[in-house]
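S.K.: Each chain is listed here by its residues.
2 protein chains.
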Amino acid sequence: MRHDRRSYLNLMKHFSKKAILDADKNFRRDFVNCLSGYKSLNLIGTFNEETGETNLAPFSQVFHIGASPPLVGVLFRPPTGERHSLGNIVHNGDFTLNHVTESFYKEAHHCGARWPNSEFKATGLKEEYKDGFPAPYVAGSPLQVGCTMEEQVRLSVNNTVLIIANIEHVYVQENALGEDGFIDLQALGTVTVSGLDSYHLGQKLARLAYPKPDQPIRVISSDGDE
Amino acid sequence: MRHDRRSYLNLMKHFSKKAILDADKNFRRDFVNCLSGYKSLNLIGTFNEETGETNLAPFSQVFHIGASPPLVGVLFRPPTGERHSLGNIVHNGDFTLNHVTESFYKEAHHCGARWPNSEFKATGLKEEYKDGFPAPYVAGSPLQVGCTMEEQVRLSVNNTVLIIANIEHVYVQENALGEDGFIDLQALGTVTVSGLDSYHLGQKLARLAYPKPDQPIRVISSDGDE
Numbered sequence: 001m002r003h004d005r006r007s008y009l010n011l012m013k014h015f016s017k018k019a020i021l022d023a024d025k026n027f028r029r030d031f032v033n034c035l036s037g038y039k040s041l042n043l044i045g046t047f048n049e050e051t052g053e054t055n056l057a058p059f060s061q062v063f064h065i066g067a068s069p070p071l072v073g074v075l076f077r078p079p080t081g082e083r084h085s086l087g088n089i090v091h092n093g094d095f096t097l098n099h100v101t102e103s104f105y106k107e108a109h110h111c112g113a114r115w116p117n118s119e120f121k122a123t124g125l126k127e128e129y130k131d132g133f134p135a136p137y138v139a140g141s142p143l144q145v146g147c148t149m150e151e152q153v154r155l156s157v158n159n160t161v162l163i164i165a166n167i168e169h170v171y172v173q174e175n176a177l178g179e180d181g182f183i184d185l186q187a188l189g190t191v192t193v194s195g196l197d198s199y200h201l202g203q204k205l206a207r208l209a210y211p212k213p214d215q216p217i218r219v220i221s222s223d224g225d226e
Numbered sequence: 001m002r003h004d005r006r007s008y009l010n011l012m013k014h015f016s017k018k019a020i021l022d023a024d025k026n027f028r029r030d031f032v033n034c035l036s037g038y039k040s041l042n043l044i045g046t047f048n049e050e051t052g053e054t055n056l057a058p059f060s061q062v063f064h065i066g067a068s069p070p071l072v073g074v075l076f077r078p079p080t081g082e083r084h085s086l087g088n089i090v091h092n093g094d095f096t097l098n099h100v101t102e103s104f105y106k107e108a109h110h111c112g113a114r115w116p117n118s119e120f121k122a123t124g125l126k127e128e129y130k131d132g133f134p135a136p137y138v139a140g141s142p143l144q145v146g147c148t149m150e151e152q153v154r155l156s157v158n159n160t161v162l163i164i165a166n167i168e169h170v171y172v173q174e175n176a177l178g179e180d181g182f183i184d185l186q187a188l189g190t191v192t193v194s195g196l197d198s199y200h201l202g203q204k205l206a207r208l209a210y211p212k213p214d215q216p217i218r219v220i221s222s223d224g225d226e
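These protein sequences, in sequence, are chains A and B. Numbers 1 to 226, taken from full-length UniProt numbering, label the letters of the first sequence in order. Numbers 1 to 226, taken from full-length UniProt numbering, label the letters of the second sequence in order.
Check before you lean on any hint, since a few could be wrong.
A pair holds if it fits inside one copy or across any two, identical chains being indistinguishable in the list.
What the hints assert, rightly or not - Restricting the straight-line Cα-Cα distance to at most 30 Å, the calculated cross-link-like pairs of lysine-lysine (DSS-like) are:
1. 18 x 130
2. 121 x 25
3. 212 x 13
4. 25 x 212
5. 212 x 121
Hints are computed from structural coordinates only; laboratory data are not their basis.
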């Protein structure tokens with residue numbers, strides 16, 4: 001291990017569980033939201049079957065659940081008050097995931113405000129429909145996924161709701177897709193989020209070959225290769 | 001919305017669920033693992049209470065579950081064959097999360113190989129113990145979290161296991177912690193992962209103020225500020 005000079009220059013601050021619980025509510029929310037590290041950022045597109053109104057909301061709690069069959073998970077906060085995205089998904093099952101790029105991350109953030117009507121109309125992001133899928137994609141997003149709900153799991157510990165969904169359609173910019181199935185998120189321009197409100201691009205270190213005990217780690221490709 | 005020039009120059013490729021299922025197994029695994037976007041990267045430190053042996057494994061499926069009380073979730077693949085980390089956590093409850101930096105991401109990746117003994121010994125990463133917590137932290141990691149299992153949820157859809165854990169201790173480099181609770185992951189040097197094997201640093205775009213319908217999006221701080 002090569003040591004990072006920073007780790008000697010900077011002291012570590014300790015927070016016990018009690019110190020976190022005793023902290024100001026806003027401090028605690030920001031702090032705990034940062035602990036896991038960088039998070040995925042997706043705009044989730046849904047529609048209300050009764051009113052026909054579309055909905056678009058930024059989510060940082062989308063994660064991989066399985067490849068065979070292709071499944072994705074979305075964790076929703078406890079459904080107190082209005083939760084349009086969750087309500088629409090539970091009601092009619094269909095939703096879209098859309099990667100966010102530098103060119104529209106501010107609009108994506110603005111979708112998190114309490115708009116009375118569709119966030120598409122409010123922010124100027126455009127709806128896109130294709131291959132008969134009923135939920136709206138975000139036009140111009142470089143990676144779009146059409147999903148249908150498979151299962152809803154309520155986590156009794158704090159009433160968050162985990163939606164597990166089948167991946168029905170994927171649209172991805174061809175220039176970012178490798179022959180091995182790898183999708184280059186930097187070629188897509190995908191944005192990542194930390195905490196509640198900090199947005200970042202990725203800066204590649206390297207792709208590393210499958211790790212084996214009897215071999216040193218081998219770099220497949222690094223930043224300089226591209 | 002300002003349009004990204006890329007989106008006009010590059011065609012979108014469509015994959016139906018059937019096309020994904022019909023693809024080569026390795027292609028499918030890489031492809032589906034990339035769909036959610038950038039993922040958190042943590043080394044999970046555990047120990048076997050019976051043998052005393054420590055274990056260290058890289059995980060990209062760690063996510064925020066709640067702030068009050070502070071809870072974190074870790075999704076484990078179906079427990080077929082040896083799953084040391086999951087077995088240790090379920091058996092004695094304690095584990096650590098450790099952010100990974102550029103200075104040791106290759107060692108972190110190497111922890112994913114099938115080592116006969118402790119990955120600490122194998123890779124040269126150093127164990128650190130403090131405040132009476134029994135599981136090993138990774139010395140030099142700029143953000144370390146001590147956790148105890150609260151609940152184990154088996155997702156029947158594909159037998160993955162969701163571990164929900166209480167956050168008992170947090171150690172964070174002081175220089176990265178803001179007064180508002182925000183932790184600057186770039187100051188920590190935290191690495192993010194995409195797919196199975198691609199490692200990245202974050203490159204800040206901006207922090208954005210809480211979004212409101214009647215106000216344009218306001219930048220709190222951007223890359224140039226720091």
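S.K.: Does each hint hold? Answer for all of them.
M.R.: Verification of the hints:
Taking the closest pair of Cα atoms, residue 18 and residue 130 come within 30 Å of each other only across two copies (17 Å); inside a single copy the shortest separation is 51 Å, beyond that limit. Taking CA atoms no more than 30 Å apart as the test, residue 121 paired with residue 25 passes in neither setting, with 33 Å inside one copy and 41 Å between copies. Within a single copy, residue 212 and residue 13 get their C-alpha atoms no closer than 36 Å, and across copies no closer than 34 Å, so neither meets the 30 Å cut-off. When the C-alpha separation of residue 25 and residue 212 is checked against a cutoff of 30 Å, the pair qualifies only between copies, where the shortest distance is 20 Å, while the shortest distance within a copy is 45 Å.
Only between protomers do residue 212 and residue 121 lie at most 30 Å apart by alpha-carbon distance; the minimum there is 15 Å, versus 51 Å within a single protomer.
When held up to the earlier numbered hints, the structure conflicts with 2, 3 and fits the remainder.
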